[in-house]
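Q: Chain residues, written in single-letter form:
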Amino acid sequence: MSGPTDGAPFGRRLARVAANERLGAYNVLRVADPAMTGVLPGQFAMLAAAERWGGGEDERPFLARAFSVARQSGEESSYVLEDVGPGTRRLCELRAGDEVWVLGPLGRPFAAPEPDAAGMRRAILVGGGVGIAPLAILQDSLGADATTVLLGFRDRERVPGAELLRGAELATDDGSAGHRGLVTELLERELVADAHAAVYSCGPAGMLEGVRAICERAGVPAQLALEAGMACGFGACFGCVVPRRGGGYLRVCVDGPVIDAAELEHVEAHAGAPE
Amino acid sequence: MSVEFCGLRLAHPVINGSGTFDAIAARRAFGDALAEAFPFSAYVSKTITLEPRAGNPPPRLWETAAGMINSIGLPNKGLAAYLAEDLPALAGLRADPAGSADGERAAVPVITNVMGSSGEELARLVEACDEPEAIAAIELNVSCPNVKTGLDIGADPAQLQSVVAGLRGRTAKPLIVKLTPNAADVPACAQAAQDGGADAVSLINTLRAMALAPGAGPARPWLGGGTGGLSGPAIRPAALAQVAAVAARVAVPVVGMGGVQSAAHARDLLDVGATLVAVGTESFRDPRAGARIAAGLQ
Numbered sequence: 252m253s254g255p256t257d258g259a260p261f262g263r264r265l266a267r268v269a270a271n272e273r274l275g276a277y278n279v280l281r282v283a284d285p286a287m288t289g290v291l292p293g294q295f296a297m298l299a300a301a302e303r304w305g306g307g308e309d310e311r312p313f314l315a316r317a318f319s320v321a322r323q324s325g326e327e328s329s330y331v332l333e334d335v336g337p338g339t340r341r342l343c344e345l346r347a348g349d350e351v352w353v354l355g356p357l358g359r360p361f362a363a364p365e366p367d368a369a370g371m372r373r374a375i376l377v378g379g380g381v382g383i384a385p386l387a388i389l390q391d392s393l394g395a396d397a398t399t400v401l402l403g404f405r406d407r408e409r410v411p412g413a414e415l416l417r418g419a420e421l422a423t424d425d426g427s428a429g430h431r432g433l434v435t436e437l438l439e440r441e442l443v444a445d446a447h448a449a450v451y452s453c454g455p456a457g458m459l460e461g462v463r464a465i466c467e468r469a470g471v472p473a474q475l476a477l478e479a480g481m482a483c484g485f486g487a488c489f490g491c492v493v494p495r496r497g498g499g500y501l502r503v504c505v506d507g508p509v510i511d512a513a514e515l516e517h518v519e520a521h522a523g524a525p526e
Numbered sequence: 053m054s055v056e057f058c059g060l061r062l063a064h065p066v067i068n069g070s071g072t073f074d075a076i077a078a079r080r081a082f083g084d085a086l087a088e089a090f091p092f093s094a095y096v097s098k099t100i101t102l103e104p105r106a107g108n109p110p111p112r113l114w115e116t117a118a119g120m121i122n123s124i125g126l127p128n129k130g131l132a133a134y135l136a137e138d139l140p141a142l143a144g145l146r147a148d149p150a151g152s153a154d155g156e157r158a159a160v161p162v163i164t165n166v167m168g169s170s171g172e173e174l175a176r177l178v179e180a181c182d183e184p185e186a187i188a189a190i191e192l193n194v195s196c197p198n199v200k201t202g203l204d205i206g207a208d209p210a211q212l213q214s215v216v217a218g219l220r221g222r223t224a225k226p227l228i229v230k231l232t233p234n235a236a237d238v239p240a241c242a243q244a245a246q247d248g249g250a251d252a253v254s255l256i257n258t259l260r261a262m263a264l265a266p267g268a269g270p271a272r273p274w275l276g277g278g279t280g281g282l283s284g285p286a287i288r289p290a291a292l293a294q295v296a297a298v299a300a301r302v303a304v305p306v307v308g309m310g311g312v313q314s315a316a317h318a319r320d321l322l323d324v325g326a327t328l329v330a331v332g333t334e335s336f337r338d339p340r341a342g343a344r345i346a347a348g349l350q
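Protein chains in written order, with our numbering: chain A, 252 to 526; chain B, 53 to 350.
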């Protein structure tokens, strides 16, 4: 949660899979990777299986895939995967002992809440689907007592993802757990009760746009961890851009992935190659 | 294996393709290790234009079988800001000693790539790049398939020769013409560049390509720019054929590129007559690819 780091090790490295466990519709991939020690909440890594990366659907994947670090326990990093394409599918297949290419930690992390005249703002973590990942390591850093956690999932199969965080209040599209409806409705309720808060959010673009708009109306600072298809992860390809408020574009990989909501006019639907 | 190219002494024959490596952003991501072990023996900038450009609307990428299509649209901060801000930040890069025979950390010269929509614009760009000592050579983008202006100049030999001839007298620095592969007769374009006074040619740029948005409904391009450029190992055999044909046609040195992932691929391009090899898309997957390939060529 400090300022810029000295940077990631220059070059990708081979690391060994420690475990790859099902968590409802998700997988939690654990990688033994000492070079990731010191990762900051919100940072990500580019992952690619060392073997059979390619030759799947449409002869893909070809490029590495970007994943937020969900947890760092000593020298072991965790990532949350959902099988949505040939890249994530191949990573979901990996077993303990397999090797994976890792490049990272990359990108701009979450910034810690700053006290204002009225004291410390309450941290509200708002996650949706696989976007819960960076909120888990953020909660590890801030402490469970200091955070209110609101998580949204599509259905019953995805609800187990909530186990990655402590004390989460849930919303589900199908009503299988918690509030039936959108997690942003829970956020509105929280901010009506107490708007002296700072919001940290990650999830699908539609949810993030809801969070952005709600926080803007409430005058609450929000940091959004964005997702975009990217080729490189370190600013080389210029492929992962999102429109910046006032014109031009931000590169999600180096200007983000955590971007202050004030820098965005709106969050657009996922703009990148399918994973 | 150090190599001479247009009067420049380079630590090894592996450089980057324009627009595939942002040394300044990479230094932010990887710290000083990047500057002290730079993967390329020369650094080719992203394309610089007179005025700033935001680039194309997203989506800008599509993954293909063994490659990718990009439609980036040449975002850059414009000539003045490039010279004032970026060029000083590019000083002090040292080549990764793993790539050079004598283990020396050689200085990495900067090659500035420019694009203009007319001979007049290009003249202003070339003259501005002639002044700073930090620019070792100039590469002309007459081939970017993402921008309407570039394509026409580079695809027509007569027009290309006249544009290059109009620029030749404006700089004593090496002038490299980056050829477009989307032309009927690429060796004729290379010959035209040479006849216009180019010191070298580089090829291939990306091949014009398209992908449709997934899902039902009427056909709609996925990329915000409509079409884009195909790169990666998918284009390697096409690149080898074009580099071989051009190297057989012209006397000036050739920078060969297209889908290079390994020293063996680089060796193929050198064997058909390239003096240097450029790496592009592979750096996205492995940012140290250039040094790895250079080391493999030892």
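Because the hints were derived from the structure by calculation, they are not lab data. Treat the hints with care, since some could be wrong.
Unchecked claim - Quick look at which bits of chain B chain A covers, simulated, 3 or more residues with Cβ under 8 Å:
id: 1; region: 212-226
id: 2; region: 326-339
What the hints assert, rightly or not - Label pairs and their calculated CB-CB ranges:
id: 3; chain 1: B; residue 1: G278; chain 2: A; residue 2: D334; range: 44 to 54 Å
id: 4; chain 1: B; residue 1: G144; chain 2: A; residue 2: G432; range: 47 to 57 Å
id: 5; chain 1: A; residue 1: P366; chain 2: B; residue 2: E183; range: 31 to 41 Å
id: 6; chain 1: A; residue 1: G498; chain 2: B; residue 2: E183; range: 41 to 51 Å
id: 7; chain 1: B; residue 1: S314; chain 2: A; residue 2: G418; range: 44 to 54 Å
id: 8; chain 1: A; residue 1: E344; chain 2: B; residue 2: E183; range: 29 to 39 Å
id: 9; chain 1: A; residue 1: A283; chain 2: B; residue 2: G218; range: 27 to 37 Å
id: 10; chain 1: B; residue 1: E183; chain 2: A; residue 2: R267; range: 29 to 39 Å
id: 11; chain 1: A; residue 1: A368; chain 2: B; residue 2: A133; range: 37 to 47 Å
id: 12; chain 1: A; residue 1: P260; chain 2: B; residue 2: G221; range: 44 to 54 Å
id: 13; chain 1: B; residue 1: A136; chain 2: A; residue 2: G498; range: 41 to 51 Å
id: 14; chain 1: A; residue 1: G426; chain 2: B; residue 2: A136; range: 52 to 62 Å
All residues carry an ideal CB built from backbone N, CA and C; glycine is no exception.
Q: Would you mind marking each hint as holding or not holding in the structure?
A: Hint by hint, here is what the structure shows:
1. 212-226: violated (count 0)
2. 326-339: holds (count 6)
3. B:G278 <-> A:D334: 44 to 54 Å: 31 Å, violated
4. B:G144 <-> A:G432: 47 to 57 Å: Cβ of G144 (chain B) to Cβ of G432 (chain A): about 56 Å, so the range 47 to 57 Å holds.
5. A:P366 <-> B:E183: 31 to 41 Å: 51 Å, violated
6. A:G498 <-> B:E183: 41 to 51 Å: For G498 (chain A) and E183 (chain B) the Cβ distance comes to about 30 Å; the hint is violated.
7. B:S314 <-> A:G418: 44 to 54 Å: 50 Å, holds
8. A:E344 <-> B:E183: 29 to 39 Å: With a Cβ separation near 56 Å, E344 (chain A) and E183 (chain B) fall outside 29 to 39 Å, so the hint is violated.
9. A:A283 <-> B:G218: 27 to 37 Å: 59 Å, violated
10. B:E183 <-> A:R267: 29 to 39 Å: 52 Å, violated
11. A:A368 <-> B:A133: 37 to 47 Å: This hint holds: roughly 38 Å between Cβ atoms.
12. A:P260 <-> B:G221: 44 to 54 Å: 47 Å, holds
13. B:A136 <-> A:G498: 41 to 51 Å: With a Cβ separation near 21 Å, A136 (chain B) and G498 (chain A) fall outside 41 to 51 Å, so the hint is violated.
14. A:G426 <-> B:A136: 52 to 62 Å: 58 Å, holds
In summary, the structure is inconsistent with hints 1, 3, 5, 6, 8, 9, 10 and 13 from the numbered list given earlier, while agreeing with the others.
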